[in-house]
Every structure is written in C-alpha cells, then in structure tokens.
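Colleague: Top line first, the protein sequences correspond to chains A and B. Positions 15 to 145 (my numbering) are the ones given, in order, by the first sequence. Positions 194 to 579 (my numbering) are the ones given, in order, by the second sequence.
It is worth saying that the hints were derived from the structure and are not from the lab. There may be inaccurate statements among the hints.
As the list claims (entries may be wrong) - With a straight-line cut-off of 20 Å between C-alpha atoms, the simulated SDA-like cross-links for lysine to any residue are:
{"hint": "1", "chain 1": "B", "residue 1": "Lys444", "chain 2": "A", "residue 2": "Tyr87"}
{"hint": "2", "chain 1": "B", "residue 1": "Lys577", "chain 2": "B", "residue 2": "Glu196"}
{"hint": "3", "chain 1": "A", "residue 1": "Lys41", "chain 2": "B", "residue 2": "Asp445"}
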Amino acid sequence: MEIPRHWRLKKQRYALMGEVCPHCDAKIFPPRDVCPECHHEAKELFQFSGKGEIYSYTTIYEAPSGFDSNAPYTVALIKLNEGPMLTAQLTDVDASQVQIGMPVEMVTRKMRDDGDERGMIVYGYKFKPRA
Amino acid sequence: MTEIILAGLGQTDVGEHWDISLRDLAFLAIESAIKDAGGLKPQALYVGNMLAPNLSRQAHLGALLADFAGLTGIEAVTVEAAGASGGAALRQGYLAVKSGLVDVALIVGVEKMTDVVGAGVEEALATAADSDFESVQGLTPTAQAALLMQRYMHEYRVPADGFAGFALTAHANGAGNPHAMFRKAIKPETYAKAEPLTPPLNMFDAAPNADGAAALVLTRRELLPSDWPHPLVKILASATASDTLALHDRKDPLFFEAAHLATGRAIKQAGITLDQVDFFEYHDAYSIYAALALESSGFAIRGHGWKMAADGRISLTGNLPCATMGGLKARGFAGGATGVYQAVEAATQLRGQAEACQVTRARVGMIQSLGGPASTAVVHILEKLD
Numbered sequence: 015m016e017i018p019r020h021w022r023l024k025k026q027r028y029a030l031m032g033e034v035c036p037h038c039d040a041k042i043f044p045p046r047d048v049c050p051e052c053h054h055e056a057k058e059l060f061q062f063s064g065k066g067e068i069y070s071y072t073t074i075y076e077a078p079s080g081f082d083s084n085a086p087y088t089v090a091l092i093k094l095n096e097g098p099m100l101t102a103q104l105t106d107v108d109a110s111q112v113q114i115g116m117p118v119e120m121v122t123r124k125m126r127d128d129g130d131e132r133g134m135i136v137y138g139y140k141f142k143p144r145a
Numbered sequence: 194m195t196e197i198i199l200a201g202l203g204q205t206d207v208g209e210h211w212d213i214s215l216r217d218l219a220f221l222a223i224e225s226a227i228k229d230a231g232g233l234k235p236q237a238l239y240v241g242n243m244l245a246p247n248l249s250r251q252a253h254l255g256a257l258l259a260d261f262a263g264l265t266g267i268e269a270v271t272v273e274a275a276g277a278s279g280g281a282a283l284r285q286g287y288l289a290v291k292s293g294l295v296d297v298a299l300i301v302g303v304e305k306m307t308d309v310v311g312a313g314v315e316e317a318l319a320t321a322a323d324s325d326f327e328s329v330q331g332l333t334p335t336a337q338a339a340l341l342m343q344r345y346m347h348e349y350r351v352p353a354d355g356f357a358g359f360a361l362t363a364h365a366n367g368a369g370n371p372h373a374m375f376r377k378a379i380k381p382e383t384y385a386k387a388e389p390l391t392p393p394l395n396m397f398d399a400a401p402n403a404d405g406a407a408a409l410v411l412t413r414r415e416l417l418p419s420d421w422p423h424p425l426v427k428i429l430a431s432a433t434a435s436d437t438l439a440l441h442d443r444k445d446p447l448f449f450e451a452a453h454l455a456t457g458r459a460i461k462q463a464g465i466t467l468d469q470v471d472f473f474e475y476h477d478a479y480s481i482y483a484a485l486a487l488e489s490s491g492f493a494i495r496g497h498g499w500k501m502a503a504d505g506r507i508s509l510t511g512n513l514p515c516a517t518m519g520g521l522k523a524r525g526f527a528g529g530a531t532g533v534y535q536a537v538e539a540a541t542q543l544r545g546q547a548e549a550c551q552v553t554r555a556r557v558g559m560i561q562s563l564g565g566p567a568s569t570a571v572v573h574i575l576e577k578l579d
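Given these sequences and hints, build the entire structure.
Modeller: Okay, here's the thing in structure tokens:
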C-alpha cells in the first residue's frame with residue numbers, strides 16, 4: 015500500500031525517536047522541528063525511554079479497515095515519563111484490568127495489515143503493563 | 194456598518210438517502226435556499242464537505258455542484274475542516290460578502306455518508322485525525338471522544354449516567370424538527386440501559402452518521418430585493434481558531450482551546466456578553482464534546498458542563514437552550530454539512546419559524562462548528578433585526 019509513508023517513520027515506530035529542544039530542553043514526540051513550548055527550532059534527536067503511564071483509555075469494537083481483524087482492541091493516551099503524551103494500543107493485558115495511572119512500557123508489535131491485497135504488514139509501538 | 198443577511202435558507206431531511214446522489218442532495222438544498230432568497234443570483238459558491246473524495250471518490254465539488262445547479266461560470270470552491278467544514282464554508286462566504294468583492298454568496302454543506310458502509314466509513318472518518326500518529330494506531334473519532342469522556346468522568350467524578358441529559362434534550366427537540374433523522378424523545382432508562390459502544394461512551398453519546406445537505410444565501414442588507422419576504426437575520430460575528438490536530442499533543446486535553454478562542458473572538462466582535470446569547474447550537478457529535486463546548490466557551494465552569502444538561506438548563510425552556518432542533522445527536526451528523534445545518538436552524542429560530550422547537554423571544558443565537566476534538570472551531574453569532 016503506502017510503503018514510503020511507513021518506512022520514513024521507522025525511527026519513531028521502532029525506537030520512539032523524538033527531539034529535544036536546545037533552547038528550553040523540552041522533550042518532543044512526535045518530532046516536529048519546532049518546539050511546542052518555546053516555538054524555536056528543535057532538531058536534536060532524543061530517544062525516549064518507552065516508559066509512561068495511562069492518562070486515558072477505551073476499547074474499540076468497530077474498527078476501521080485494516081484493523082478489523084484485531085478488534086476489539088484497547089487504545090490509550092500515554093503520558094511518557096519525559097513529558098509528552100502519545101496515542102498507542104495496549105497489548106498483553108486484559109481490557110478489564112486497565113486503569114488510569116497504570117504504568118506501561120513500549121513494545122514492538124504488528125499494527126495493521128492489508129488483508130490479502132499486497133501483504134504489507136506495518137509494525138510499530140504498542141504498550142504493555144510494567145511492574 | 195455593512196450588515197450581512199442570511200437571505201435564503203434550504204435543507205434536506207437528514208438520514209440514509211440511498212436513492213439520492215451527492216450532487217442531487219446538494220442541489221435539493223441549493224434549490225430551496227435560492228427559492229427562499231427570492232431571486233438573488235449567487236456570484237460565488239462555497240461548499241462545505243469532509244469526505245466526498247474518500248467515500249464518493251469525488252473531489253472538485255465546487256465546479257461539480259455549480260454546474261449541476263445551473264450556475265456554471267461562478268466562483269466555486271470546497272472548504273474542508275473535517276466536521277467544521279460547514280462552519281468554515283459559511284465563514285468564507287461571510288468574508289467574501291463582507292469584503293464587498295462578492296455581492297451574493299451561496300454556501301452549501303453536503304455529506305454522503307452512506308455511499309460506503311461498515312469499516313470503510315470508520316477509516317474515512319479517521320482521516321480527520323493525525324494519520325501518522327493517531328489513525329495508524331487504529332484510533333477513530335469515536336474513540337477520541339471516549340478517551341476524553343473516560344478522563345473527564347475520572348477527574349470530575351461523574352456518575353455513569355451523568356451525560357444522559359445531552360441525549361435526552363437532543364431527542365426531545367428532534368421530535369419537533371421535520372428534517373431530523375430521529376424524531377422521537379427517549380427516556381432516561383433507555384440511556385441507562387444502552388450498551389457501551391466505545392466505553393464509557395454508549396450509542397446515545399454519539400451522533401449518528403447520516404446523509405444531508407443544507408444551503409444558505411448571504412448578501413448585504415442593501416442588496417435585498419424590495420419584496421424580500423422574511424424577518425431579517427444578520428451575522429453579528431464570525432470567528433475561527435485552531436488547536437493541535439492530535440489529541441495527545443495538548444497540555445490540557447479536557448479544555449477545547451480553539452472553542453474558547455473562537456467564542457471569545459466572536460463575542461468581542463459582536464460587542465455583547467455571553468449572557469446575551471439566547472440559545473447555543475453546539476457541536477454534539479459526542480455528548481462529551483457538548484459538555485466541553487459549554488465549559489470552554491464560558492457557559493459553565495470546568496467540570497460542570499454535564500450538570501447543565503442534567504439539570505435541564507439546556508432544554509427549550511432552560512436558561513440556555515441548546516441543540517434546539519435536535520442537534521447532531523437527533524438531527525443526525527451529516528459531516529461537513531453540519532455547520533450549515535446549524536446556521537439554517539439558528540436563522541429559522543430567529544425568524545420565529547421553528548414551530549414546535551421555537552425558543553421564545555430569541556434574538557441572539559450562537560452556533561459553534563467543530564472539526565475533530567475542536568482542532569478547528571468556527572463560531573458565528575446571529576441576530577434578529579427589527
């Protein structure tokens with residue numbers, strides 16, 4: 015399907031590579047080259063630890079195309095330890111056990127597929143509970 | 194001062210129009226707005242649409258709809274801002290007529306949700322979120338709303354049926370709107386018994402996707418024909434603002450900053466205070482969005498928006514009637530047509546022609562059109578003239 019648009023994000027998808035602002039030290043994910051805090055240029059790479067906690071969550075039963083074989087699945091807003099928040103699916107957890115404030119960590123998992131069409135599988139970050 | 198008048202109003206019923214195409218649906222609304230406007234000839238067409246390139250494989254609606262309305266030759270473009278497309282198109286029409294470069298503008302909001310069914314619709318709707326960092330995780334607009342509702346209920350200790358008042362109000366009002374998709378009031382027990390759709394959000398917390406088209410003709414007051422038959426309703430203020438596209442990029446997700454900014458700008462422009470607003474057409478794509486809109490716009494303090502619905506303060510006889518013709522929840526969510534429906538409904542109220550839905554002594558109405566979780570907010574304030 016759309017190989018270049020997933021390929022060029024491999025550092026973010028596989029390694030949570032963001033940026034750090036050289037002016038105000040804000041940690042930035044996803045990378046955006048302009049610091050959302052002080053609006054100066056911010057292009058220095060910064061790798062996140064992949065640890066954070068759940069800010070909110072829900073379970074999706076009616077999934078969009080490409081995700082329906084995985085439904086139902088739980089998605090969360092995750093506040094990373096370094097500050098920024100991101101959106102990710104949760105994995106290796108029973109949906110009924112998920113709570114706001116639960117500590118989680120990043121893992122790499124299959125995100126979506128194209129069914130039988132062209133066989134491309136997109137991998138990226140999901141989060142699972144951490145002790 | 195130049196006064197911009199809502200000179201013509203038109204709308205189709207909202208629902209599942211399997212037998213009507215995108216272009217024909219838009220034309221039905223355009224035809225009735227032009228007829229209502231008493232012979233004014235549009236010089237420009239602004240189309241509000243969100244999903245046609247995706248769901249109907251049809252882009253370039255400006256030229257298409259002008260052509261099929263017999264208006265070939267006029268200026269015609271599409272304005273897109275997800276669910277706020279209709280409000281954004283209205284603002285473009287307002288700017289054009291206000292500037293003097295266009296004398297008569299036609300605005301049409303149109304959406305054909307039913308050209309695709311099932312997972313394809315969810316996928317299309319998800320294109321309004323951040324494709325690389327939200328949609329790729331399987332997030333949908335409904336799930337975004339559920340994430341906000343979950344956190345809101347956690348922070349403010351809202352009871353399980355705390356949001357019921359929004360659906361009850363919308364359905365009670367929709368019963369009186371002949372164009373609404375759902376024209377039947379619901380009981381509190383019906384809300385309480387509904388299965389969670391995307392927990393904690395249930396089917397009554399989400400507006401139904403539907404087909405629909407609504408149209409408006411705008412002109413300056415001095416250009417109205419001498420025999421123009423309607424009570425005068427003008428656009429008192431027009432303002433818009435943006436916020437981060439992705440929900441996760443916000444420092445304070447439970448506050449709709451764009452709604453706050455756009456409302457503040459509109460109120461200042463109108464030279465009024467919030468308590469002079471007689472009714473408020475909010476963008477209740479989800480009941481949590483209605484609560485956050487009330488708080489972010491300044492009608493309720495933070496954490497108390499849901500109580501306005503629970504206490505009946507937003508009903509037709511309350512101190513701030515909302516969703517007076519059913520809102521998105523009962524009228525139906527016709528995507529990019531929504532902001533134009535809101536304007537048609539508010540103008541109908543101010544003309545005094547809302548019949549069973551009529552708000553008594555309504556002089557000033559505020560409409561707020563949101564794209565996504567208020568990543569775009571467009572606010573218009575309408576006023577009845579003597």
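Colleague: Honestly, which of those hints from before does the structure not fit?
Modeller: 1
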